[in-house]
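Colleague: Below, each chain spelled out in residue letters.
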Amino acid sequence: MRSVPTMSDSVLISAHKAGDRHAIENLMDRHHDPLMGFLVNRVGRDAEDLYQETWVRVSGRLDTYEDRGSFRAWLFQIARRLVIDHHRRAGARIRMVADPDDAVPSAVDSVKPDQAMDAAEVARVFQEVVDSMEPEMAQVVRWRLFDGISFKDIAERQGVPLNTALGRMHRGLNKIRVVLTENEMHEGRKP
Amino acid sequence: MSCPHTETTAVLAAFGEAPPEFENHLSTCDACRTVVRQHTATLAALEPMMDAPINSTPRWSPPAVVFLMAAAVLLAVQFTNGATHPDPTQTDAPLPTQIGDPEVDSFNDHLDDQLASLELQLDLFHLEES
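Residue numbers (my numbering), protein chains in the order written: chain L, 27 to 217; chain H, 1204 to 1333.
Keep in mind the hints are simulated off the structure, nothing from the lab. Among the hints, a few may not be true.
Chain H side only, calculated, beta carbon under 7 Å to chain L, not exhaustive [what the hints assert, rightly or not]:
| # | residue |
| --- | --- |
| 1 | 1211 |
| 2 | 1214 |
| 3 | 1236 |
| 4 | 1247 |
Chain L regions said to be covered by chain H (calculated; three or more residues, Cβ under 8 Å) [claimed, not checked]:
| # | segment |
| --- | --- |
| 5 | 41-53 |
| 6 | 100-108 |
| 7 | 145-154 |
| 8 | 192-202 |
Quick list of the computed label-pair ranges, beta carbon to beta carbon [what the hints assert, rightly or not]:
| # | chain 1 | residue 1 | chain 2 | residue 2 | range |
| --- | --- | --- | --- | --- | --- |
| 9 | L | 60 | H | 1233 | 17 to 25 Å |
| 10 | L | 48 | H | 1205 | 40 to 48 Å |
| 11 | L | 75 | H | 1230 | 30 to 38 Å |
| 12 | H | 1231 | L | 173 | 32 to 40 Å |
| 13 | L | 91 | H | 1233 | 18 to 26 Å |
| 14 | L | 92 | H | 1279 | 41 to 49 Å |
| 15 | L | 204 | H | 1279 | 47 to 55 Å |
| 16 | H | 1233 | L | 75 | 17 to 25 Å |
| 17 | H | 1279 | L | 144 | 38 to 46 Å |
| 18 | H | 1227 | L | 161 | 31 to 39 Å |
| 19 | L | 51 | H | 1231 | 42 to 50 Å |
| 20 | H | 1227 | L | 208 | 28 to 36 Å |
| 21 | L | 44 | H | 1227 | 12 to 20 Å |
Bear in mind the structure is a predicted one, so any value in this text is a computation, not a measurement. Idealized CB from N, CA, C, for every residue including glycine.
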């Protein structure tokens, strides 16, 4: 556990803007553990690279950062964006990490970058999967992914508890993942 | 399922909407961590097509609607303008001279300019969107 600076994020950001070169180091110290934990939980051993990249992005934008909300939320928003980019860039379009339902872990990251499916193929497969889902599940998936409706509102619209809507999304994403993965395997993508 | 959060809070975490405290749980729960990674990767895979909704409710962007409405009005004006010309079968009425009529030419040029301008605006809008 690192020692955490006592100054607030806002004060440190102001200090950074005023030219204090140590301010960002203090910011990094303050947010190191939660940010690193966030990244490790999502990308495992690549967390360190993304941690560095996150702070590179932050330092590049800090001069224009407007202190209107939570710095932490802004920081994690950048990190989350990098996590998504990481999954795409690394060719882990569908990263086959061990399925908790499976007794035997499946292959890891079997899809190479140049095997990545293009948007049209993904869209076609996605459409097929969603069409095969139960109506309530398909509705949750479409509402959330294409209309950006919050899970809370989806639950209200469907007249179900929030956890039911989340469960439908969970199973819907699982179906999509499985079919996308199978599709890539069966079609024998060009090297 | 070994953890009840895998189908609930872990899904929220994949969308970046779980409460911060959930990170502590993630660091100790393999099942939830796996779900978050899988769903995050799936969402990353789907992202390229997110800009082109499929079988979703068609969305009419305001500039496109304005353009279509303006085009309809301009077409209606053109038709109305044509209808006001005298019936050429009436022998005592002067034949309309649409071609070469400076006023009509000027009006048509104006319409063309307006249409071209609207088309340009629409193209620019689509470019900005893409």
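Colleague: List in ascending order the numbers of the hints, as given earlier, that are violated by the structure.
Modeller: 5, 11, 13, 19 and 21
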